[in-house]
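Peer 1: If you want the building blocks of each chain, they are given just below.
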Amino acid sequence: MRAAMPATDSSSAAAPLTSIGRSIRSLRRDQIPPAAASPDLEADAFQRRAADLLGDLLASADPAAADLLSLAWTRRLLDAFLLCLEEFRALLFGSGAAAAARPPLDRLVADFFDRAVKALDLCNAVRDGLDLVRQWRKLLAVAAAVLAASPDPAAPLGEAQIRRARKALTDLTILMLDDRDGGGVVGQRNRSFGRCNKEPRAHGQGHHRRSSSGGSSGSGSSSHLRSLSWSVSRAWSAARQLQAIGGGLPVPRPNDIAATGGLASAVYTMSAVLFIVAWALVAAIPCQDRGLHANFAVPRNFPWSGPVTTLYERILDESKKKDRKNSCGLLKEIHQIELCSRHLMEITDAAEFPLPEEKDAEVREAAHELVQVCESLKAGLDPLERQVREMFHRIVRTRTEILDCLSRSNGTE
Amino acid sequence: MDRIPIPALKSSSFSLAASSREEKLARNLSLGPIKLNEIIKDARREGEGDNAAGEDAGGGEEGGVPEEASEPDLAALSAEIDAFLAGRGGDAPPSISEVTLDKFASAVEQEMAQSEGADDKWATGEGGEAPTLLAAIRRIAALASALTANHAEGATYTIGVHRVTGVLHRAMTFVEDEFHGTLESASHGGDPGSATGRSMKRPPSFGHGGDPDRCVLPSSDGGSGAGAEPSPPFPPEIVDRLRTMAETMFAAGYVTECTQVFLVARRNALDAAMQGLGYEKASIDDVAKMPWEALESEIATWIKAFRHAVDAGLPGERDLCSRVFPDEALGRAIFVDLARCAMLQMLNFTEAVAMTKRAAEKLFKVLDMYETIRDAGPAIDAFLGADSSGDDADEGSGSGSGSGSGSASDRIGSSSGAVADLKSELASVRSRLGESAAAIFCDLECSIRADAGKQPVPGGAVHPLTRYLMNYLKYACEYKDTLEQVFREYHRPDADEPDGGEGGNPFAAQLMEVMELLHGNLEAKSRLYKDPSLSSIFLMNNGRYMLQKIRGSPEINAVVGEAWSRKRSTDLRQYHKNYQRETWSRVLALLRDDGVITVKGHVQKPVLKERFKQFNAAMDEIQRTQGAWVVSDEQLQSELRVSIAAVVVPAYRSFLGRFAQHFSAGRQTEKYIKLSGEDLEAIIEELFDGNAVSMPRRRT
Numbered sequence: 001m002r003a004a005m006p007a008t009d010s011s012s013a014a015a016p017l018t019s020i021g022r023s024i025r026s027l028r029r030d031q032i033p034p035a036a037a038s039p040d041l042e043a044d045a046f047q048r049r050a051a052d053l054l055g056d057l058l059a060s061a062d063p064a065a066a067d068l069l070s071l072a073w074t075r076r077l078l079d080a081f082l083l084c085l086e087e088f089r090a091l092l093f094g095s096g097a098a099a100a101a102r103p104p105l106d107r108l109v110a111d112f113f114d115r116a117v118k119a120l121d122l123c124n125a126v127r128d129g130l131d132l133v134r135q136w137r138k139l140l141a142v143a144a145a146v147l148a149a150s151p152d153p154a155a156p157l158g159e160a161q162i163r164r165a166r167k168a169l170t171d172l173t174i175l176m177l178d179d180r181d182g183g184g185v186v187g188q189r190n191r192s193f194g195r196c197n198k199e200p201r202a203h204g205q206g207h208h209r210r211s212s213s214g215g216s217s218g219s220g221s222s223s224h225l226r227s228l229s230w231s232v233s234r235a236w237s238a239a240r241q242l243q244a245i246g247g248g249l250p251v252p253r254p255n256d257i258a259a260t261g262g263l264a265s266a267v268y269t270m271s272a273v274l275f276i277v278a279w280a281l282v283a284a285i286p287c288q289d290r291g292l293h294a295n296f297a298v299p300r301n302f303p304w305s306g307p308v309t310t311l312y313e314r315i316l317d318e319s320k321k322k323d324r325k326n327s328c329g330l331l332k333e334i335h336q337i338e339l340c341s342r343h344l345m346e347i348t349d350a351a352e353f354p355l356p357e358e359k360d361a362e363v364r365e366a367a368h369e370l371v372q373v374c375e376s377l378k379a380g381l382d383p384l385e386r387q388v389r390e391m392f393h394r395i396v397r398t399r400t401e402i403l404d405c406l407s408r409s410n411g412t413e
Numbered sequence: 001m002d003r004i005p006i007p008a009l010k011s012s013s014f015s016l017a018a019s020s021r022e023e024k025l026a027r028n029l030s031l032g033p034i035k036l037n038e039i040i041k042d043a044r045r046e047g048e049g050d051n052a053a054g055e056d057a058g059g060g061e062e063g064g065v066p067e068e069a070s071e072p073d074l075a076a077l078s079a080e081i082d083a084f085l086a087g088r089g090g091d092a093p094p095s096i097s098e099v100t101l102d103k104f105a106s107a108v109e110q111e112m113a114q115s116e117g118a119d120d121k122w123a124t125g126e127g128g129e130a131p132t133l134l135a136a137i138r139r140i141a142a143l144a145s146a147l148t149a150n151h152a153e154g155a156t157y158t159i160g161v162h163r164v165t166g167v168l169h170r171a172m173t174f175v176e177d178e179f180h181g182t183l184e185s186a187s188h189g190g191d192p193g194s195a196t197g198r199s200m201k202r203p204p205s206f207g208h209g210g211d212p213d214r215c216v217l218p219s220s221d222g223g224s225g226a227g228a229e230p231s232p233p234f235p236p237e238i239v240d241r242l243r244t245m246a247e248t249m250f251a252a253g254y255v256t257e258c259t260q261v262f263l264v265a266r267r268n269a270l271d272a273a274m275q276g277l278g279y280e281k282a283s284i285d286d287v288a289k290m291p292w293e294a295l296e297s298e299i300a301t302w303i304k305a306f307r308h309a310v311d312a313g314l315p316g317e318r319d320l321c322s323r324v325f326p327d328e329a330l331g332r333a334i335f336v337d338l339a340r341c342a343m344l345q346m347l348n349f350t351e352a353v354a355m356t357k358r359a360a361e362k363l364f365k366v367l368d369m370y371e372t373i374r375d376a377g378p379a380i381d382a383f384l385g386a387d388s389s390g391d392d393a394d395e396g397s398g399s400g401s402g403s404g405s406g407s408a409s410d411r412i413g414s415s416s417g418a419v420a421d422l423k424s425e426l427a428s429v430r431s432r433l434g435e436s437a438a439a440i441f442c443d444l445e446c447s448i449r450a451d452a453g454k455q456p457v458p459g460g461a462v463h464p465l466t467r468y469l470m471n472y473l474k475y476a477c478e479y480k481d482t483l484e485q486v487f488r489e490y491h492r493p494d495a496d497e498p499d500g501g502e503g504g505n506p507f508a509a510q511l512m513e514v515m516e517l518l519h520g521n522l523e524a525k526s527r528l529y530k531d532p533s534l535s536s537i538f539l540m541n542n543g544r545y546m547l548q549k550i551r552g553s554p555e556i557n558a559v560v561g562e563a564w565s566r567k568r569s570t571d572l573r574q575y576h577k578n579y580q581r582e583t584w585s586r587v588l589a590l591l592r593d594d595g596v597i598t599v600k601g602h603v604q605k606p607v608l609k610e611r612f613k614q615f616n617a618a619m620d621e622i623q624r625t626q627g628a629w630v631v632s633d634e635q636l637q638s639e640l641r642v643s644i645a646a647v648v649v650p651a652y653r654s655f656l657g658r659f660a661q662h663f664s665a666g667r668q669t670e671k672y673i674k675l676s677g678e679d680l681e682a683i684i685e686e687l688f689d690g691n692a693v694s695m696p697r698r699r700t
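As they're listed, the protein sequences go chains R and C.
Each step along the first sequence adds one to the number in our numbering, with nothing skipped, and position 59 is 59.
Each step along the second sequence adds one to the number in our numbering, with nothing skipped, and position 620 is 620.
Since the hints were made in silico from the structure, they are not lab data.
Treat the hints with caution; some may be incorrect.
Below, a list of computed lysine to aspartate or glutamate pairs in the EDC-like style, where the Cα atoms sit at most 20 Å apart [stated by the list, open to error]:
| # | chain 1 | residue 1 | chain 2 | residue 2 |
| --- | --- | --- | --- | --- |
| 1 | C | K577 | C | E513 |
| 2 | C | K289 | R | D67 |
| 3 | C | K357 | R | E401 |
| 4 | C | K671 | C | D633 |
| 5 | C | K549 | C | E634 |
| 6 | C | K423 | R | E390 |
| 7 | C | K567 | C | E513 |
| 8 | R | K332 | R | D67 |
| 9 | C | K357 | R | E385 |
| 10 | R | K378 | C | D421 |
| 11 | C | K357 | R | D404 |
| 12 | C | K304 | C | E280 |
| 13 | C | K577 | C | E639 |
| 14 | C | K423 | R | D404 |
| 15 | C | K362 | R | D404 |
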């Protein structure tokens with residue numbers, strides 16, 4: 001029996017604190033060196049760290065990774081989030097432990113984790129989105145493999161090869177349109193198209209489908225590939241989720257900041273980082289009911305408000321660009337898929353066979369780009385998905401640890 | 001290969017019928033705007049000028065028959081193609097005319113057109129030979145690969161190569177459509193748990209957002225597939241057909257196209273099967289908001305669906321994959337992909353449940369889920385199999401004719417990664433549930449500590465906390481093995497807890513701690529009673545209840561151990577003694593001739609009178625108060641009464657026997673001797689009945 005546990009309802013403040021301290025020791029044993037600094041200093045350091053991490057995302061020494069919304073950049077974004085979360089956790093378990101169990105910080109911490117839980121669904125939706133992009137890549141890979149590689153490099157591309165590539169690219173385009181539709185970014189434009197393709201599924205008859213939709217090359221087969229199911233419920237909306245994460249984020253009041261040794265600001269910082277990361281992920285990756293309408297503004301007086309605002313605005317600008325407005329994801333590589341496949345479709349449209357030499361060379365060059373996009377997708381998708389998963393798990397773990405710790409201290413009061 | 005000279009050099013005459021048929025085919029087979037047809041027509045037109053030559057080259061089978069009938073039939077052309085293909089291994093490769101190639105290609109197209117809509121087109125012939133259409137498509141695939149394999153040869157048959165590969169592509173599109181159609185339509189008759197009615201019920205596109213109809217799905221198709229009996233998704237003849245088509249597509253290098261169609265169709269079918277079992281996707285947010293009663297039934301559904309997936313659904317898919325796909329490793333990789341998607345989706349719900357606010361009542365459902373996942377482990381390991389290592393070949397550099405095969409090995413390469421991911425997700429979910437269960441159980445401590453009510457239970461009865469906790473612990477001990485496992489593996493002890501205390505069984509240690517806490521809590525509560533006798537009765541009641549529960553359940557008894565029960569029994573005896581002393585030693589003292597009643601052989605009548613008066617008053621008081629006390633355990637009640645009667649009744653009888661004679665009969669006796677021995681027995685028999693109303697006094 002734990003003698004230290006008060007057996008009665010002692011309301012002395014010391015009781016919860018000792019029990020928190022104990023849990024912290026056990027949790028921190030192997031992770032974080034004990035912190036001696038005051039909460040104020042640590043909270044400030046945390047805010048500056050967040051500012052640095054976000055700032056790095058805007059200007060990077062590595063030009064490959066500096067590319068806003070590329071796969072590599074998105075991975076760095078997640079790295080930054082994970083680092084922030086880790087430091088936030090250390091802060092709460094360190095000098096913040098005492099304050100976190102007391103109002104007003106307990107309430108603020110609980111609010112942060114409510115928002116973080118909403119980000120979990122987003123992680124799942126993003127994972128679905130990455131699955132979708134992976135499916136696109138397969139189609140792209142068919143085209144790339146057909147066009148870029150020939151048993152004899154000197155042999156010109158034949159009709160069948162072009163046709164096969166075009167079919168794959170048409171399927172791809174339709175899938176992307178389908179998703180964009182579903183994503184709700186564009187609205188109704190392709191609805192009727194989508195429904196027409198769906199109809200045969202409703203009848204469940206392959207024959208029927210084929211005879212009813214035998215239009216242009218590829219569209220007949222597109223419905224084979226459509227509608228990979230999302231793992232979230234149908235009514236779920238990424239746009240609404242973003243609003244729930246970032247909406248009404250309470251800017252800490254000066255007396256709260258003072259009363260919590262600056263920790264109220266740290267919680268606010270973490271919430272803002274959570275929002276901007278979630279928002280950027282939704283911007284980049286196809287999601288169910290994607291939408292970037294969530295308004296977000298932070299007061300200027302936080303060290304990280306500059307980078308957060310810049311990040312927000314730059315992504316928003318990107319989403320407003322003419323050629324990106326209707327995209328199903330702002331991920332650079334998605335754009336490249338669109339460009340590459342459109343280019344290839346254009347140059348192979350109404351092709352005469354055999355292809356004239358310069359045309360053949362043009363197609364091969366475009367195919368080469370296709371191969372490169374495929375390769376960068378192949379290299380980047382799996383690690384990104386793992387990171388999204390890691391984000392999920394880390395949020396869950398951190399939440400469990402901290403809420404446990406808080407409830408334990410409350411439970412023994 | 002050199003550039004193909006644009007106009008074809010020679011060709012045969014083409015009937016009008018043939019080319020219009022071709023246009024029809026082009027429409028039906030979704031041909032695009034590519035202009036090969038034009039080229040061929042040009043060639044034909046040119047060929048028509050000097051037509052006879054071409055016809056002769058074609059084998060001259062036409063004779064003088066009218067044009068429509070003069071086309072050599074597929075069988076004859078096939079024989080010619082076969083001969084051409086068979087001869088290619090030799091020293092002098094045979095040649096073949098462009099006309100034959102073209103005619104053969106047309107014949108294959110015609111075959112496809114004819115089989116459109118025919119149900120038996122994939123059926124194997126009576127002698128076991130491949131269906132005509134299939135043989136034709138395979139032949140043209142072989143021909144295409146032969147013609148394109150060798151550059152020099154390809155250059156010889158310029159138009160022929162284009163014509164043949166073009167038709168091959170159409171054939172592949174055709175087979176892909178058929179493949180898809182078979183996957184979609186045949187599954188309706190197969191597994192009752194799969195795709196049935198899915199597309200009717202589901203909205204045709206992704207969510208519009210707020211449309212409330214979207215989340216309301218009719219439950220009519222639920223439940224039908226609930227039995228966890230491994231049911232193959234398709235009947236064997238359909239599987240054979242699918243395999244045939246897959247083989248055909250693989251042979252032509254259309255691996256990715258084939259696998260993608262398959263994967264999407266089966267993913268959606270699995271999804272629908274889960275819905276058929278009543279399992280609805282719910283976001284973590286939804287689960288967090290769900291009231292416990294609703295979530296409880298969702299969990300039950302989840303368990304059913306998960307078991308079905310593990311026991312029947314996924315093994316069925318695995319069989320299907322291994323039967324449909326000729327390449328074993330590829331089939332496995334496709335299955336792993338399917339399994340991963342299906343499992344991750346189901347585990348999402350589990351994560352969500354593990355994340356809901358902890359509450360004591362959730363323990364058992366959490367443990368149920370934990371056991372479900374734990375017990376599914378061997379089955380999952382069995383169908384995921386040992387990690388296969390595939391090399392991560394680069395698809396971009398795959399060879400031309402097998403352009404899909406690069407992607408196939410890419411899939412295989414990532415499948416061991418997918419298996420590892422899935423296994424780690426399973427382990428993570430399992431540990432999350434385990435941690436949650438351990439934490440919920442540990443929270444009992446808090447709820448005991450929190451129960452510090454100042455209001456004693458009337459009559460010293462069993463406290464609701466005792467009742468609740470003991471029943472809870474008894475129920476929990478039905479999960480003893482699981483809880484022990486969970487505590488060993490996932491419990492994070494506080495730093496001050498001795499490691500591996502209590503014989504290395506942290507669950508038992510925790511349970512004992514709860515019992516000790518409860519015991520301590522009850523002792524504290526017993527002090528709320530002003531009457532020490534009632535305190536003892538309260539402790540006796542509660543201690544007895546605890547012991548009964550422990551003895552009534554072998555599981556909890558095994559954890560608690562005999563020593564503890566013995567100790568508690570000793571405590572109980574002590575409470576009993578305390579009670580006897582507090583209540584009855586005073587009464588017995590009144591009946592003792594302790595040198596005050598009889599002094600030097602003379603009975604002191606006033607003292608005797610006083611003793612009787614005191615005794616009567618004491619019994620009155622005891623009857624009034626202790627009749628209202630509660631001992632609901634019949635055995636304990638009768639033990640108490642017997643033990644009281646055993647000391648008090650003989651003492652009173654003997655006291656009566658000795659001193660009753662000193663009162664004069666009548667008024668005096670009536671005044672002082674109010675109770676007979678039987679009356680006393682009757683009073684004792686009515687103690688601890690919980691009758692709050694004071695009983696009418698008994699008079700003789």
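Peer 1: Hint by hint, note whether the structure agrees.
Peer 2: Hints, one by one, checked against the model:
{"no.": "1", "hint": "C:K577 to C:E513", "result": "27 Å, violated"}
{"no.": "2", "hint": "C:K289 to R:D67", "result": "39 Å, violated"}
{"no.": "3", "hint": "C:K357 to R:E401", "result": "13 Å, holds"}
{"no.": "4", "hint": "C:K671 to C:D633", "result": "37 Å, violated"}
{"no.": "5", "hint": "C:K549 to C:E634", "result": "15 Å, holds"}
{"no.": "6", "hint": "C:K423 to R:E390", "result": "15 Å, holds"}
{"no.": "7", "hint": "C:K567 to C:E513", "result": "15 Å, holds"}
{"no.": "8", "hint": "R:K332 to R:D67", "result": "8 Å, holds"}
{"no.": "9", "hint": "C:K357 to R:E385", "result": "28 Å, violated"}
{"no.": "10", "hint": "R:K378 to C:D421", "result": "17 Å, holds"}
{"no.": "11", "hint": "C:K357 to R:D404", "result": "10 Å, holds"}
{"no.": "12", "hint": "C:K304 to C:E280", "result": "12 Å, holds"}
{"no.": "13", "hint": "C:K577 to C:E639", "result": "12 Å, holds"}
{"no.": "14", "hint": "C:K423 to R:D404", "result": "27 Å, violated"}
{"no.": "15", "hint": "C:K362 to R:D404", "result": "16 Å, holds"}
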